[in-house]
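Protein sequences appear in the order of chains C and V.
If you count the first sequence from 1, position 87 lands on 353 in our numbering, and the numbers rise without skipping.
If you count the second sequence from 1, position 172 lands on 226 in our numbering, and the numbers rise without skipping.
Since the hints were derived computationally from the structure, they do not count as laboratory data.
The structure displayed is predicted, hence computed values, not measured ones.
Please note: incorrect hints may appear among the correct ones.
Result set (BS3-like, lysine-lysine): computed pairs, CA atoms no more than 27 Å apart in a straight line [claimed, not checked]: (1) C:K348 with C:K372; (2) V:K277 with C:K340; (3) V:K277 with C:K401; (4) C:K372 with V:K57; (5) V:K149 with V:K277.
Between beta-carbon pairs, the in silico distance windows are [stated by the list, open to error]: (6) V:T56 with C:N393: 48 to 58 Å; (7) C:R381 with V:D281: 52 to 62 Å; (8) C:S377 with V:I247: 52 to 62 Å; (9) C:E522 with V:Q150: 47 to 57 Å; (10) V:T306 with C:S377: 32 to 42 Å; (11) V:T306 with C:T576: 55 to 65 Å; (12) C:N393 with V:V233: 55 to 65 Å; (13) V:A77 with C:E474: 49 to 59 Å; (14) V:F297 with C:E474: 56 to 66 Å.
Take a look, some chain V residues computed to stay more than 10 Å from chain C by CB distance [claimed, not checked]: (15) P160; (16) L227; (17) V285.
Backbone N, C-alpha and C fix where the C-beta goes; we use that ideal spot for every residue, glycine too.
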Amino acid sequence: MIEVEDLSKYYGLTVGVKNLNFRVERGEVLGFLGPNGAGKTTTMKMLTCYLPPTSGTAKICGHDILEQPLEVRKRIGYLPEKTPLYLDMRVREYIEFVAHLKGVPKNILASDVDRALEQCGLGSVRNRTIGKLSKGYQQRVGIAQAILHDPDLLILDEPTLGLDPKQIIEIRQLIKNLGSERTVILSSHILPEVSQVCNRIIIINEGELVAVDTPDNLRNRLKKSSVINVKLADSEKSADAASFLSGIDGITLVKEGTAVKGSLAYILESRPDADLRREIARRLVEEGYPLLEIFSEELSLEDIFLQLVTEEAR
Amino acid sequence: MTKLLAIYKRELKYSFQSVTAYAALGIFLAISGYFFFSLFRFYNLISFQATRNPQFTQSLNLTDGLLRPFFSNISIILLLVLPLLTMRLLAEEKKQGTFELLLTYPIRDWDAVGGKFLASVTTFAIMLGGTFICPLLIFLYANPEPGPIFTGYLGLFLVGCTFISIGTFFSSLTDNQLVAGVTSFGVALFFLIIGWAVPFVGPRFADVLGQFSLLQHFDGFSKGLIDTQDVTYYLLMTLFFLFMTLRSLESTRWRN
Ligand SMILES: Nc1ncnc2c1ncn2[C@@H]1O[C@H](COP(=O)(O)OP(=O)(O)OP(=O)(O)O)[C@@H](O)[C@H]1O
Ligand SMILES: [Mg+2]
C-alpha cells in the first residue's frame with residue numbers, strides 16, 4: 267500500500283525528516299506520533315505529492331509520488347493540519363465542487379456527495395455557510411472532502427485538533443469506522459487516541475524514525491518492570507505494611523503512593539515477566555491486612571513515548 | 055476540462071459574492087462614464103466652434119475626437135482596476151492554505167490557473183460590456199463609424215487580458231494580496247509607458263521598445279485597424295505570463 271524509502275526533506279538547512287523507511291499494509295490504521303516539529307506534517311505533505319522530497323521516494327498503491335503524482339492523488343484523501351476550507355461556500359456546494367475536482371463521474375456525483383455528508387454527520391448543516399459552522403463541524407467538512415471519492419488511503423493530519431471532548435469522541439468513532447474499510451494514516455499528540463484507533467504506531471523525533479510497532483509490542487518492549495498497586499485501609503495493622511510487602515519473594519521495590527485519607531497506597535515493582543498479584547493478595551489476606559484494592563499497572567503510551575523520545579535525545 | 059470548469063465557476067461565483075468585485079465594477083463604470091461625459095462635452099464645444107471655421111471642420115471626426123481618447127482613457131482605468139481584481143486570485147488561497155489542498159487533488163496546475171484566469175477575464179468582459187452604453191449613446195445623436203468601435207473594444211479586451219495575466223502571475227508569487235496588487239500594477243504600468251521612451255533612445259532601441267509597448271500596439275485598434283502583429287503581441291504577452299505562473303507554482307513547491 268505505502269512503501270517509503272529513504273525519504274528525506276530539508277528546508278534549507280533545517281531538517282524536516284531524515285531517511286524515513288516504513289511500509290503500511292492495506293487496511294491498517296497507522297498512528298503518527300512525535301513531539302512538535304518532529305516532521306509529521308512534512309511527511310504527510312510529501313505523501314500527498316504537495317512537497318517534493320529532497321531525496322528518496324515513496325510509492326502509494328504502486329505509484330511513485332514523484333513520477334505519477336496524478337495517479338497517487340487520485341487514490342488519497344487528505345485532511346491538512348489547519349483544515350483549510352472555502353469559508354464563503356455552503357457545505358454541500360463545497361463538497362460538490364471537490365467532487366468535480368476529484369473527477370467523480372457525473373452519474374454518481376450527487377449520491378457520492380450525499381453519502382459523504384451523511385457519513386460525517388453533516389446532513390443537517392448541508393446548506394449552511396462553512397465559515398459560520400463551529401470548529402468541529404468544519405473539521406467534519408474537512409473529513410468529508412477527504413473521504414469523498416472513497417480513496418484507498420486517508421491521510422489525516424491531527425484530525426481532532428481543537429475539538430471539544432464530545433466531538434473528539436465522535437470524530438474518533440468516525441475514523442474508526444472509516445478505518446475498517448481502508449488504510450488510514452493519522453497524526454496526533456493525543457496518545458490515548460492513537461492507542462484506541464490505531465493498530466500500528468510510528469514514532470518520529472527530530473525528523474528521524476524512532477520506532478514502528480503495534481501499541482502492545484511497544485509496551486512489552488519497553489517494559490523494564492511490572493508494576494502493581496496495592497491499597498489498604500488505614501488501620502493499626504497497616505502500619506508495618508511496607509516492610510511486610512518488601513519481604514514478599516520477587517518484589518524488588520516498594521514505594522508509598524498518594525492515597526485519599528483513610529487509606530494507604532503502595533507501588534510495588536517486580537521483574538517484568540512476573541505476575542505476583544495473586545501471591546501478594548493471598549499473603550496480605552492471610553496476615554489480616556485490610557486489603558482494599560490490588561491491580562497491575564500497564565505502561566501507558568505516554569511513558570513509552572517519553573521514554574523513546576528522551577532516549578533518542580541522549 | 056470539467057475540473058477547470060469547476061474552478062472557473064467557483065471563482066466567478068465567489069467574485070460576484072464579494073464586495074471587491076462590485077466596488078471595482080462600480081468604480082470602473084463611474085470613472086469611464088465620467089471620462090466619456092467630459093470628452094463628449096469637449097467634443098461638443100469644439101464642434102460648435104468649428105461651425106465658425108470651415109477649414110477646421112474638415113479635420114474633425116468622431117473617431118479621432120471622441121472615441122480614441124475614450125479608449126485610451128479606459129485602458130488607463132483598466133490599469134488601475136484590474137490589479138484589484140487579480141491580486142487575490144492565488145495569493146488569498148495561498149495564505150488560507152486552501153491552495154495546498156487544491157494541489158493535492160488530481161488536477162493539473164493548469165486547471166487551477168486557467169480556471170482562475172478565465173473567471174477574471176469573464177468578470178472583466180462584463181465590466182467592459184457595461185461601458186458599451188457610451189458608444190451606444192453616440193449613435194443616438196450622430197453616425198459614428200462602427201468599425202473603430204468594434205476594433206477599439208477588441209483592443210481593450212486584449213489589453214485587459216494582458217493585465218489579468220500579469221496580475222495572475224504576481225498573485226502566484228506571494229501570499230500577500232497587497233504585494234501582488236502593487237507589483238502587478240507596477241509591471242503593467244511599465245509595459246504601458248515603455249513607449250514614452252521611444253523618442254529619446256535612438257532609432258535602434260526605439261524599434262525594440264516600441265514592440266514591447268502596450269500603447270503602441272493599441273493604436274491601430276483605436277483607429278479601426280486589426281493588425282495581426284498587434285493581436286499576436288497581446289496574445290503572446292498573455293500566454294507568456296500564464297506560462298510564468300505555471301512555472302512559479304512549480305518552483306514554489308520545489309523551493310519550499
Ligand atoms: N515551510 C517550512 N519552511 C521551513 N521549515 C519548515 C517548514 N515547514 C516545516 N519546517 C520545519 O520542519 C520541521 C518539521 O516540521 P513539521 O511541520 O513536519 O512538524 P510536525 O511534526 O508536523 O509538528 P507539529 O506537531 O507541531 O505539527 C520543523 O523543524 C519545522 O520548523
Ligand atoms: Mg504538524
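Consistency of the hints with the structure:
no.: 1; hint: C:K348 with C:K372; in the structure: violated, 30 Å
no.: 2; hint: V:K277 with C:K340; in the structure: violated, 52 Å
no.: 3; hint: V:K277 with C:K401; in the structure: violated, 58 Å
no.: 4; hint: C:K372 with V:K57; in the structure: holds, 12 Å
no.: 5; hint: V:K149 with V:K277; in the structure: violated, 44 Å
no.: 6; hint: V:T56 with C:N393: 48 to 58 Å; in the structure: violated, 24 Å
no.: 7; hint: C:R381 with V:D281: 52 to 62 Å; in the structure: holds, 56 Å
no.: 8; hint: C:S377 with V:I247: 52 to 62 Å; in the structure: holds, 57 Å
no.: 9; hint: C:E522 with V:Q150: 47 to 57 Å; in the structure: holds, 55 Å
no.: 10; hint: V:T306 with C:S377: 32 to 42 Å; in the structure: holds, 37 Å
no.: 11; hint: V:T306 with C:T576: 55 to 65 Å; in the structure: violated, 37 Å
no.: 12; hint: C:N393 with V:V233: 55 to 65 Å; in the structure: violated, 36 Å
no.: 13; hint: V:A77 with C:E474: 49 to 59 Å; in the structure: holds, 52 Å
no.: 14; hint: V:F297 with C:E474: 56 to 66 Å; in the structure: violated, 40 Å
no.: 15; hint: P160; in the structure: violated, 4 Å
no.: 16; hint: L227; in the structure: holds, 18 Å
no.: 17; hint: V285; in the structure: holds, 33 Å
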